[in-house]
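Engineer: The residues making up each chain are set out below.
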Amino acid sequence: MADSTLRTLQTTGAGATAKYQSQEDLFRQKWKWDKVAWVSHCVDCYPGNCPFRVYVKDGVVLYEEPGATYQTIEEGVPDLNPMGCQKGAMWGQMLYSQERILYPMKRVGERGAGRWKRITWDQAITEVADAVIDAIQEQGPQSIIHEMTGAQGGPMALSAVTRFTGLVGGITMDLDGVVNDFAPGMYLTFGKIFASSVDDWFLSETIMIWHMNPVYTRIPYYHYVSEARYKGACVVTVAPDVSPSAVHADYHLPVRPGTDAALALAMSQVIIEEGLHNKPFIKEQTDLPLLVRLDNERFLRQSDLQAGGRDDQFYWFDARTKQVVEAPRGTLALGKVNPSLETRTQVRLADGTEVEVQPVFQLVLKRLEDYTPEKASEICGINPEAIRKMARRVATSRTNILLGFNSGKNYHADLMERAMCLMLGLTGNWGKKGSGIRMWSVGPWPGMMTAMKMMPGPEGASRALQMVDSILRSFKAEDPTVTHELAVTELATRGAAMGEGAPPAFFWYYHCGFKENWNRREWHDPSMRREFDDYFNEAVSKGWWQGHVRPGPETTPRVYLEVGGNTLRRTRGGQDQLLKHLWPNLKMVVFIDWRMNTTGMHSDIILPAATHAEKINFHFSTTHMNQMVFNDKSVEPAGEALSEPQIFRMLTKKVEERAKARGFTEYTDGRGAMRRLDDLYNRYTLNGYFDEDEKIVREMIEDGTVDGTLPEGTTLETLRRKGYIRFQDWGLQPMAVNQASDLKPNEVHTPLRHHTERKLPYPTLTRRAQLYIDHEWFLEAGEELPMHKDAPKMGGDYPLMLTSGHPRWSIHSANIMNRMIQDTHQGRPFMFMNPYDAADRNIREGDLVKGYNDKGSFQVWARVAPSVRPGQVIVYNGFEPLMFPGWKDPANMEPGMAKWLGLAGGYGHLRFRSQCWQPTTADRLVRLEVERANGA
Amino acid sequence: MTTATILSRDGISGEESASVCARSRIYALFSRTFSFPEDRLHLEIRENRWLQDLTTACAGLPYHFRIPQSLRWDVHADYDVFQSGYIRLFEVGGRAGPPCPLHSGHYGQDRLRTMEELVRFFSFFGVRIRAGLMPDHASVELEFMHYLSRQEAEAEDEEERLSCLRAQRDFLNRQLAGWWPALTARVKRERGGGAFYRSAVSLAGRFLEAERVYLSRQISDS
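If you read the sequences in order, they're chains L and U.
Anchor point for the first sequence: position 864 equals 1426 in the working numbering, and the numbering is continuous, going up by one each time.
Anchor point for the second sequence: position 173 equals 854 in the working numbering, and the numbering is continuous, going up by one each time.
Don't read these hints as lab results, they were simulated from the structure.
Possibly wrong hints are sitting among the right ones.
Each computed EDC-like pair below joins lysine to aspartate or glutamate, with the alpha-carbon atoms no more than 20 Å apart [as the list claims (entries may be wrong)]: (1) L:K1149 to L:D692; (2) L:K581 to U:D720; (3) L:K679 to U:E841; (4) L:K1306 to L:D1291; (5) L:K581 to U:E835; (6) L:K581 to U:E871; (7) L:K581 to U:D734; (8) L:K679 to U:E839.
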């Protein structure tokens, strides 16, 4: 019988029949789980994709365990199981963690004062809707900003907010720009970034862990490194410190911070010097045989030789016919041509003048004269004999560089990565199993098809597919040399110039105070010949970023939508930068998350998001795994939390309602297109079809069977039964297509095999792996070929250099506030420091110290460790700013310098598309001094 | 449901039952006090009705229990400020998590295990939490004590009464009495949140301690 005095409890009428004697009786009672369901941890984690099971009783997740049910992919290669780490194993604790937000709230004090009141969902959504309409009316829809991050909500959250900003004409900042997980050197070389599946590591003979720390960050699949080693592979860790991954390596190359390019170039020098280079591979796959004019250092182009000639037709010297001939654009196959790597010759230009030309390879030889092992050793600190030994090893074995998310965060990341690519290219080390270089990549994603649909159901997917197909066919018709990959890449590039995504660099420059930082010339590389603004203005005025300079200086950002992200932790410059420059202009900061963080503390409206087992979702698809991993809803959300799709459905409905009430239903967006608000909900939900989360998920899965990414017959029930399903094709997701390999059911995934096996061209200007960039700015900087440059003195002329890396204890900041995780480390932020540096500064273990430079300062607790080299200090990523004294983390002294060459454009593949070419901000090797904090 | 409603309910007869009922009423009152404050509760506190209700219930307890004069019960007149104080103290603090969480699982090593035991307790006695709530919230645990003491008052035989008494003793010892002192200490350290909650936490702590002694004695006497 119901007990009317109960408010928080309710009677079930099903208590135990026995009388209670002692607490043991509770556990003797026959127990049946209400539900056992498949989940994953839909956070921005790239191991990730770990299928777990949750066990639910009375609406509460009480247990969670790894599924360990992945099947073996390739015979002879270990399977992925068990998959999971300490973070995943305690995700149920996260679900019920202290920082959980459970109710809509509104700020009642100053931003950041931490004073809130609960409000109803309707009030919260109405206030946000009105702020959105105000922003559109006052500044235009491009004043509504969302910085894309996959952080906390998984793909369902990401698609919910981006669909909203897309429909109202707001701007979504590009993920790779925002977090800087971009690998510019890989992109410059290959016209894309990519990653093998993790089981491919097992097939390597030499594994070079370079700018990565997989012992910390790849807990679920580090076993492939160990297993490869037991099989005979040599594991080499290149890192300035004795990183945790160095401990398990056969060799540790302790490079001086920021000198990786010198090491790679020296290894390249040895490889050529000793005749170990793979000439057939070099000739076929790279631009090294292409001819370069000696008078202007630019590639010889058809436009040089004939009036009206193409700018993207290049030449090489055929040693067989002794002729300068066109390098084919549609294939890498050499046919009967034998491109020379040596011949210097003369050609007559269209104007009748004669110029000397020679292959890029000769310029490489010249460049490498500066990087003999002895000379490079002076720079990078590695013994010349060690360099030679490693070079020989790389040249004679299947070598895989495990490049983490670290290199791209260096100012000269491009040079470091290009030098690595040169070394791999010289030795034929990509496009075959167990070799290559990896960063990250989005995998197949059927949700992309769902997002493009104009009508629901399989017919809608087929029509969307046909539409895309007809565009791709038109590209191929324009240029018969265009392959499927090139066509998809072109579509992504053109689409980006018309879409709502934008590289954040311009937003930062105009609205977040980075103009000031980036014009501090002394914080840049000395080889930057002009003022930063000269380059910036030139890039903008030449239209290299046309369609991407958004929001421009004419727009003031008004509404900031933070959905699962944490910009005040993530953005270089931190709170000092954003609270000073951006925040005062924002009239509404909306924070949608399942947990409170530093950005949430500075928000106006807090909307609680459901998380983990409370909502249906997927893990982000990655080429590491190529599995679609499912997360079922198995409990009702705690408090009043709602899923992000629910929240944005409410918001679209409310914006529509308020727009009608305010008589404002039509406007022109930043691109001059007419937008409407009076049918927003219908467009958001395809006329109400997507009115439930489960329907969206069901549709995504079924669309996957239409676009071929999922096996025919796959349904939501398949996922509910199994927890995951392996993709069978890349679909149309550009980064997935850029893998340029067939996705086979019984093989590991190795990128670039279409290039090496089917001889299909690369999506670069030269259609080859391009090691020579003859863009005028690169030539001016002397960076047409990879070289070493010291890290600039970002932040000022100080003796120490700050490095970082993903931590062992948290996925970014997701887990860092959780006490169970905090119990596994100091439970507070700390900075590793060498004992000599510490002694020089009278700093002892556990002291509170102050790090500072000309940009700013922060305080942190010292950990004195000989594993850190003198001159280096390490603060691992992920600590919440509010864990530091004064809520200030190291980001406050990071000027977030953007290398000017990142603005280069108007050149082949140097064009923006989602998660590709754009200026990014550096945070590694920032200069600082450290001293004991006052009162320490 | 208001405190007044709970307090006016009287399905229990007899002197002993009346004292049990008083205990049950106080648990219910504290359960409501530590739930998120509705504006009605704020009004009752401001108009001193909350304290009167509590004082009346205390008078019916089977043991001597006095509300110290030193405790202050004043609250800010503005409801928004009052609820903001509750949020800052118990729900969202300056370091993302609250300084004084009202979920007992946050005071132990492993919240899931805490919640499992609670769910098992509830399940044994035929109750479960309502949607959106967590089993280890102070308001839920206090209400469970309210429920058990009511069950005790309504017990049809001695065996059933003892069952309820033992459950109250164990639940109190393993849950509320275990973590409430830590909550009290944290609240004492916090400047924010206002006098009312500092007093309420302190008084509830005294009550739980008195209950612990009383229940132990009751069971040993039986």
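Engineer: State for each hint whether it applies.
Structural biologist: Against the structure, the hints:
1. L:K1149 to L:D692: holds, 11 Å
2. L:K581 to U:D720: Since the Cα atoms of K581 (chain L) and D720 (chain U) sit roughly 40 Å apart, the hinted pair is violated (cutoff 20 Å).
3. L:K679 to U:E841: Not satisfied, since the Cα-Cα distance of roughly 44 Å exceeds 20 Å.
4. L:K1306 to L:D1291: holds, 8 Å
5. L:K581 to U:E835: Given that 20 Å is the threshold and the Cα spacing comes to 15 Å, the pair holds.
6. L:K581 to U:E871: violated, 42 Å
7. L:K581 to U:D734: violated, 33 Å
8. L:K679 to U:E839: violated, 48 Å
In this structure, the hints that do not hold are numbers 2, 3, 6, 7 and 8, in rising order.
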